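Peer 1: If you want the building blocks of each chain, they are given just below.
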Amino acid sequence: MKHLLPFSSECGRSVRTPHEPRRVRAPALQWLFLTVLALGLLSGCAKKETAVTRRDIGPEAEAYYKAHPDVFRFATPADLPKDLVWHDGSDVPEFSAPEAKRGGTEYSWILDFPRTLRFAGPDAAGSFRSFILDDNALSLTMKQPNTGQYYPGLAKAWAYASDGRTMYFKLDPDARYSDGVPVKADDYLFAFFFFRSRYIDDPWSNNFYTTYYTNVTKYDDYTISVSWREPIPDLDDKLGLTPVPEHFYKELGDDYVQRYQWKLEPTTGPYTVKPEDLHKGSYVDLTRVPNWWASDKPFYRHRYNFDRVHLQVIRDVDKAFEAFKRGDIDSFGLTLPKYWYDKLPDSDPLVQNGYIQKTVFYNQVPVPIYGFYLNTTIPLLNNRNVREGIAYASNFDLVDHQYFRGDFVRMQTGSDGYAEVPFPGIHPRPYSIDKALEHFAKAGFTKRGPDGILTDEKGQRLSFTVTTDDPSMRDVLTILRQEAAKAGLELNIEVLDETTADKKIAEKHHQIGFMAFGPAVEKYPRYWDFYDSANANKPQTNNITNTVDPEMDKLIAAYDKAQSMDEIRRLALQLEQHVYDNAAFIPAFKMPFYRVGYWRWIKWPKDFNVRFSNGAGQFGLDWIDEDAKKETLDARNSGQTFPPEIKVFDQWKLKGE
Amino acid sequence: MFRLDPITRRQLQRFRSLKRGYCSFLVLCGLLLMSTFAELLVGSRALIVKYHGSYYFPTYTAFHPGTDFGEDYSYETNYRKLKERFATDAQGDWMLLPPVPYNPYENSFEEGVYPPTPPSFFQRHFLGTDTTGRDVLARLLYGFRIAMLFSLLFLVLVYVVGIAIGCAMGYFGGAFDLLMQRAIEIWSNIPFLYIVIIIASIVTPNFLLLLGIVVLFSWTDMTYYMRTAAYREKARDYVAAARVLGAGSGRIIFRHILPNVLSLTVTFMPFTVSGAITLLTALDFLGFGLPPPTPSWGELLEQGTSNLNAPWIVSSAFFALVIILSLVTFIGEAIREAFDPKKFTIYQ
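Chains A and B supply the protein sequences, listed in that same order.
Read in order, the letters of the first sequence are residues 1 to 657 in this note's numbering.
Read in order, the letters of the second sequence are residues 1 to 348 in this note's numbering.
Do not take every clue at face value.
As the list claims (entries may be wrong) - Subject to a maximum C-alpha distance of 25 Å in a straight line, what follows is the list of computed PhoX-like cross-link-like pairs (lysine-lysine):
| id | chain 1 | residue 1 | chain 2 | residue 2 |
| --- | --- | --- | --- | --- |
| 1 | B | K234 | A | K435 |
| 2 | A | K486 | B | K81 |
| 3 | A | K184 | A | K66 |
Hints listed in this document are in silico derivations from the structure and should not be mistaken for laboratory results.
Everything numeric in this text was worked out from a predicted model, so none of it was measured.
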């Protein structure tokens, strides 16, 4: 569970339970004190326990099931189709290292204390969620992170219905929550009740579980089926749900948000948080569930090796880095060039003496969609020539090459990184002053003013404001501004705080938004959210370019109904071509790898990590060698050294990266 | 303009005799003058260009596209490159560049070298470059100009408002005084920094807006002193005399009372200036100040502290800040000493 740099760690977390695309941002220094303030208030609130009113949600859930017989169906094993072919993942290779040792404590850090331990409702989508849910809890089936095949999770076998939108699951009778209660079919029925309920104050989940899932059927305590609304090729991703333990939510009610604020749902995964390990504002300890039910099962053995993970709150990235160099923290994300080259160069004594080892790992995951989002309803920006001109005047190549030292590469499309959906032949417009001037001239901007900025006949200046919520992108924007001025384009920089910028952009009051969407970690990209006219000119939708294109609407409708990957690939290519022609999105940059530094007592599998990993700790493949720790600490005192280790793992590197 | 009374004139003489303060004053004036004409010392535009027999003075004019000097681009001429071309062409064309040929906004990137780059005499980056390859010296000088302009305007506005309201309170007294005092107490209890931060995070403030916000919450301090001073002066005979002669309130406050309490305000001025510089730097440091890419000391400090491996950034900003604040403080001390009433007040 390495907490990489915020910049990289938030870049698409591994998400099994589908959730809303989130905007990605680095933490803002200026919010720290407000967070402290908020935390103070929260911890104050938490102490005031309200009088407990005994409540049982059971009957209400039962009534809800009865009221929605089309969604919640109760059947018998005899109702199962006879011709089902059951899969159990026995042909899927394991990916952990058999030499891994169990035990020990991993020392890691988090930038901010979690705002809640809930999985739903306000603030539940914070970055701490990956520790307790996304990278921890098991779902029905799990995706093998090298091959993309599926292996058993909470289901020991699964089968596909002939309708292409339903899957059957045989639950593993061994599966237990961390409180020892077995996982049963009822918990899946309850999950639907829970996520559709108004108690949880979570409109996104309400909508998602109401709109996309059409049925959940219980055949017996250990057999269920789940249906999606239409046939799709990545059914496993969508239907691989996590259960919601009904026994834990007995007291579910209007006070859900307060009542469950600091109560952690019993987990099916390896780590849980004991109440006494929650030191508000200071640290959180994750403890490995004693006798975890999947501990010795294939695919789970030799993983999640630490008995304890200590997550210290360090509110400043540079301070955390110093703690890492002291050895207080076991590993640190070095993805940003600043850390890799300047703060911990290969020549650093800690690296040269072999105490800290450095690794580059090329991965293949959908990348955050960084770029300029042009609001096509704003005057001038509604002119495609102006938009194309801006695309030619945006020198992302220089930023990638000189500011990010060539480590970052230009994003090619808004949907990079989907291994099965390539976009051959679509490349972003390169920086070209001549082409930019040519397009601006077509839009009537021909004369340069006294400061070199183009004006049209009416004396209107070619000037736009770029809004961003990410202070760490300030330097990038100043470079782009200087370069754009050469093409007669003025870009004013507006760095607002997260909430304000997000609101401004979500309500479509921006001219140019510079931000990133967290990608949907799915098999293929989404278009409806970003480009369908149903979402244009409406506040709080993801179509922040306000794109209205009837032809795209038709393609998107077909795309969302596509049933084979071939069809999806064909339609996605056409859609991406439209996105390019429309020039309302200008792709920025992506990182094809992550980099990490770690003390030599942290050990890794021989391939280091897996293809679809977002960060080194995501799949729990590393372990601690206590002897090496003692040896290293002694060596540091006595001056003894080890051979330096700086490694590059490029087995998953794509051409052109 | 009112004439200085003999006491004030003697105070100024005494100020001149206090060596440390007076020298600081001269140095600061020199720096101010220098920053006013910063473009002549630090800037990317050439001071004089002789091209094909005619002379150009691009510093303060509209931009010259590269095509004006036979280059093949229509954006602003890169004079450093042009100078190299003049040298190789050897056709009698020449130019004079400022000693530091960089403006505070341009990113000078070089192949294979990644910013921040250390100070280099040869490159003419005398204090090195920052994280995006901008000249640190240029950003310091232009940042100084903005900080000084900010603090001087701040001084004028705060004093105009503070003195006017303070004097009025002291002079009129009674219910007006009572109500205004309560209002000021409430107003000055608003946590000013939070307000600035909240406003700055909703709208990106420009120079005037930021100045306005800061002034809005800073004028109250001055009123306390002016109120007391006006209260005291009001009881003096010359005020009564003026009133008997038929002078109106405005005339009495501004023509009679104000010159007599001015020495009090003068002693506060340097400290107000240093306070304003610190405030602007702090806001920029936290990212709530002037929008990027405005050159600013706070922004340099912020960059410097998060890039301690490039010590020239943080040390440049730090020493600049220390030097300017010391100068202002020395001036302030000297003024305070020169204007010390213990030396000059004559009790009658």
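Peer 1: If a hint holds in the structure, say so; if it doesn't, say that too.
Peer 2: Consistency of the hints with the structure:
no.: 1; hint: B:K234 <-> A:K435; result: violated (73 Å)
no.: 2; hint: A:K486 <-> B:K81; result: holds (15 Å)
no.: 3; hint: A:K184 <-> A:K66; result: holds (19 Å)
Going down the numbered hints, you'll see the structure goes against just number 1.
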